[in-house]
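J.: Sequence:
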Amino acid sequence: MAWSEQIFRYCERGSDPEFWAEPVNALTNTGFILVGILAAGSYAQKPLAHRDQRDAVLIALVFTIGLGSFLFHTFATRWASAADVGPIGLFMLAYFAYALRKFVELSWLVVGLSVAAFIGALHLFGEMSCQPSFMPVSNALGVPCLNGTAGYIPALLAMLVVGFVLRMKGHPAWRYLVGAGCIFSLSMAFRTLDFEICDGSALLGARIGTHFVWHLLNAIVLYLLLHAALFHGSQQSHQ
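Residue 222 in our numbering sits at position 222 of the sequence shown, with consecutive numbering throughout.
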């Protein structure tokens with residue numbers, strides 16, 4: 001496997017290897033950077049005694065998500081793909097552990113076992129197969145089930161399940177996690193349909209697909225998750 005091998009994975013790029021073949025997909029990553037800047041500003045305004053280094057790690061991961069995704073949508077190589085999916089995976093695992101420990105207040109043993117189960121679920125859904133007739137365009141291009149979006153189903157379920165657990169506990173962070181989950185479900189739909197409606201999507205005569213909407217909506221998802229961490233990181237019942 002050559003790390004410099006090109007990967008053509010999105011409607012906007014098609015089979016064009018050029019750096020700016022995906023301008024819309026590339027530039028919409030500024031949404032992640034903006035969220036990181038806003039969250040970093042909120043973190044910096046906190047008194048030193050109230051700053052949690054775990055929050056800083058989550059914020060740093062959001063910056064790396066934006067950078068990694070920009071690299072992939074410009075260089076479109078295997079190494080850039082690793083730079084893209086790596087930070088996303090780390091954020092999912094880190095936030096899941098953070099939410100279970102800090103919001104739900106589970107023991108480290110239970111958190112560790114839950115994270116292990118979450119990793120198993122990511123692998124299971126990532127390997128899920130679909131019927132060839134379900135998404136004919138995507139299937140013809142040889143992409144994974146649901147255009148690769150199936151691998152994010154555990155993250156969606158985690159947000160909703162943890163959110164509803166927090167709702168039962170009276171923790172105010174539940175609104176942000178459930179809200180993030182609802183937006184993420186819509187985001188996943190746009191990611192899934194990228195190739196399916198590619199021919200019908202155009203901007204200034206160029207096909208753009210729907211992947212860029214995945215970026216914009218996910219920026220909102222990350223904003224909600226970081227807001228929950230920064231402002232509701234400790235239990236505040238019945239608010």
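Accuracy of the hints is not assured; some may be wrong.
[Said to hold, decoys possible] The list that follows gives simulated cross-link-like pairs (lysine-lysine, DSS-like), each with its CA atoms no further than 27 Å apart:
no., residue 1, residue 2
1, K102, K169
2, K102, K46
3, K46, K169
Note that these hints are calculated values from the structure, not bench results.
J.: Against each hint, give a clear statement of whether it holds in the structure.
T.: Now the hints, each set against the structure:
For the given pair, K102 sits about 13 Å from K169 by alpha-carbon distance, which is consistent with the 27 Å threshold. Using a Cα cut-off of 27 Å, the hinted pair K102 and K46 holds, with the two alpha carbons roughly 18 Å apart. At most 27 Å may separate the alpha-carbon atoms for a hinted pair to count; K46 and K169 meet this at roughly 26 Å.
Checked against the numbered hints above, the structure breaks none of them.
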